[in-house]
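Here are the chains, one letter per residue:
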Amino acid sequence: MSRWDILWDHRATIIRGFENTLILFSVSSVAAFLLSSAIVLVIQTHRGALSGFFRTIVDGMRMLPFLMYAYILYYGLPSLGIRLDAWTAGFIALITYHAAYFAEILRGTWATLPKGQTEAARAVGFGNLAMYRRVILPQLMLRTAPVLGNQLIVCLKDTAFLMIITVRELTAAASAVQSTYFIPFEAFVVAIALYWLTSMAIEVLVARIGLVAERRGLGYGHVDSRR
Amino acid sequence: MDQAAFSALLAGAWTTAWISAIAIAVGVPLGLALALLREARVPVVGHLIVLYVSLGRATPLVTLVLFIFLAAPLFGFPLDRYTAAVITLILNTAAFNAEVWRAAIRGFPREQVEAARAAGMTRPLYFRRIMLPQIWITSLPGLVNEMTFLIKASPAIAVIGIVDLTRVTNRIAAVTYEPLPPIIAAAVIYMVLISAFVRLQRRLDERAHRLTM
Amino acid sequence: MSTLVVEVRNVSKTFAGVEVLRDVSLSVARGQTVSILGPSGSGKSTLLRCINWLEEPDRGEISIAGQRIGIRPDGKTLMSDRELAAMRARIGMVFQSFNLWPHLSVLQNVTEAPIHVLGVPRDEAIERAERLLDKVGIAEKRDAYPYVLSGGQKQRVAIARALAMNPEVILFDEPTSALDPELVGEVLTVMRALADEGMTMVVVTHEMAFAREAADEIVFLDQGRVVERADPETFFNKPSTDRVRQFLQRYS
Chain A
0 MSRWDILWDH RATIIRGFEN TLILFSVSSV AAFLLSSAIV LVIQTHRGAL SGFFRTIVDG
60 MRMLPFLMYA YILYYGLPSL GIRLDAWTAG FIALITYHAA YFAEILRGTW ATLPKGQTEA
120 ARAVGFGNLA MYRRVILPQL MLRTAPVLGN QLIVCLKDTA FLMIITVREL TAAASAVQST
180 YFIPFEAFVV AIALYWLTSM AIEVLVARIG LVAERRGLGY GHVDSRR
Chain H
0 MDQAAFSALL AGAWTTAWIS AIAIAVGVPL GLALALLREA RVPVVGHLIV LYVSLGRATP
60 LVTLVLFIFL AAPLFGFPLD RYTAAVITLI LNTAAFNAEV WRAAIRGFPR EQVEAARAAG
120 MTRPLYFRRI MLPQIWITSL PGLVNEMTFL IKASPAIAVI GIVDLTRVTN RIAAVTYEPL
180 PPIIAAAVIY MVLISAFVRL QRRLDERAHR LTM
Chain R
0 MSTLVVEVRN VSKTFAGVEV LRDVSLSVAR GQTVSILGPS GSGKSTLLRC INWLEEPDRG
60 EISIAGQRIG IRPDGKTLMS DRELAAMRAR IGMVFQSFNL WPHLSVLQNV TEAPIHVLGV
120 PRDEAIERAE RLLDKVGIAE KRDAYPYVLS GGQKQRVAIA RALAMNPEVI LFDEPTSALD
180 PELVGEVLTV MRALADEGMT MVVVTHEMAF AREAADEIVF LDQGRVVERA DPETFFNKPS
240 TDRVRQFLQR YS
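Residue numbers (numbering that gives the first Met the number 0), protein chains in the order written: chain A, 0 to 226; chain H, 0 to 212; chain R, 0 to 251.
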């Protein structure tokens, strides 16, 4: 039996791992985005302690390696009497960590939006929250699409760190299959290919959004300075 | 934490530091070489580099380091952990650095090249004296940004058994039964290190901005 | 020895199906200043850029002090990068947008090519650069970086940079077009002084006053063709074609 046949026989393990990776990635990135849009609203519209608190969290989180943060949640918190299973710790780590990055991306773009827009929205009677949801957030999403896309790919890759805190995601699955039958080349080539395909899918999706943005004149403005 | 725990922590920090430093020292010029090769528009080579950069962007370091450490012996290259870790980080950071360099090369004003050629400079001379010093200044903020990403991704090498600044906290906790203090201490060391890079990046950004004025 | 420094014979050039230069000939003798005039899009800049082979003509020959540029003596193969560079080292060029090297100080901009292209010893190159910067009236800025200079100052540094190579001829590509009106004078003064000293110059410009006073010969291009060639006196007072008369009405 060839090595590839062995891998084929154990495809169920790999597929389960891949499914877990996709679930971790998609749930976490959607939740992280929602969380980040709430954080940005607070940072941009409130003054005082709460806004400062979130700013500090957002800046601090971005100076921490993801695995270190997952360690704090999974290995550190039990010292304080909070015991999380690996999946819960993994989800919380992915969501809150990437929410900080998303928040920073959205905040940076919000700062560049013309002031007149918020005023126009107020004038037609939008409340703060409605204005944010219907006027500002859609623009931020369109304008930041390429950068958000890069961050989504980072989020996808960070799911692999969770194997170290025992989550059975794709890399853990490949690792389990290879260690039993000693087919590291085949197992990891397949894993890498799956990560690659997923990131391609993310890029295609982001390019679609970018196209919409450009059609509405919200593009990044790739002005070619040379004639 | 006692004295022993503290020195273990420092040893872990040192491991992270030197492995990252080698990866940066090799990855930055390697990225430049890849960017130049790609811009030279050699048919097959160009496509291979595009593929490499695309794979490099998408592959988690945990997966890559396992792949390199475990698969290399099958091809007659048995690697010790540290070599495998260094190679992994180089391959990863070079892919990102290549994109930073390429943006700088693409954005390099044609007028600058013309002024150099009109002054009688050969290609190698104007690359060395006119282009490289300028794209170095414009790329450096981006390259430093990639360095912080490299350090943040470096704990992946723990998966092949290297005791870096992240993994050492497990070792210490195994002795003291108090995981939180070493984890917090390691987190603080990372934050100090990375915030230094972020500050450096801001300063370099200002300098790059002056050049394009 | 020929006294012709620049000799352009029957040069044609097409860009994307448009004939930018059609069978253009031009000669510049040593010490002469030739002004190339013409409406925008007439091919003036392209002609100038062909002279130092920044643009490659499709047909025709160009020689610098009797030696053909771009093509080897066999008349067929293209010159190598190194051979072309050696030819270009003898031709100075001043650009519309200055094109100073922003990472180098004013002095370094002037010494860079003499040291690294010609192999002039550093001390000698610096001494000469200081003299040239003094001559163009900008000696006090020797250690400044280009971004702090005004357009007029930048262009004077660019002229010093060209002079530092001791070129056979200097090509000026609309050297005052990117300048604020009040800065044009300082650059033209320097150029006029050079012309008086007997520097060989080819000047593409829209400055009619400069062409009238400083040029020995005017070449008028229209739609890629040389329409008129005359001394300034004749060109400005008794032009022989309607095309030139129209042009002069519009520009003066």
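If you're looking for bench data, these hints aren't it; they were derived computationally from the structure. Certain hints may be false.
Claimed, not checked - Under 7 Å between C-beta atoms, here's a sample of chain H residues computed to sit facing chain A: (1) K151; (2) V158; (3) V162.
The C-beta atom is built at its ideal place from N, Cα and C for all residues, glycine as well.
- For the hint on H:K151, just tell me whether its beta-carbon gets within less than 7 Å of chain A. holds (4 Å)
- Does the nearest C-beta of chain A fall within a distance shorter than 7 Å of the C-beta of H:V158? holds (6 Å)
- Query: Quick one, is the H:V162 hint okay against chain A at 7 Å, beta carbons?
  - Reply: At about 13 Å, which exceeds the 7 Å cut-off, the nearest Cβ of chain A leaves the hint on H:V162 violated.
Going through the hint list in order, the structure does not satisfy hint 3, though it satisfies all others.
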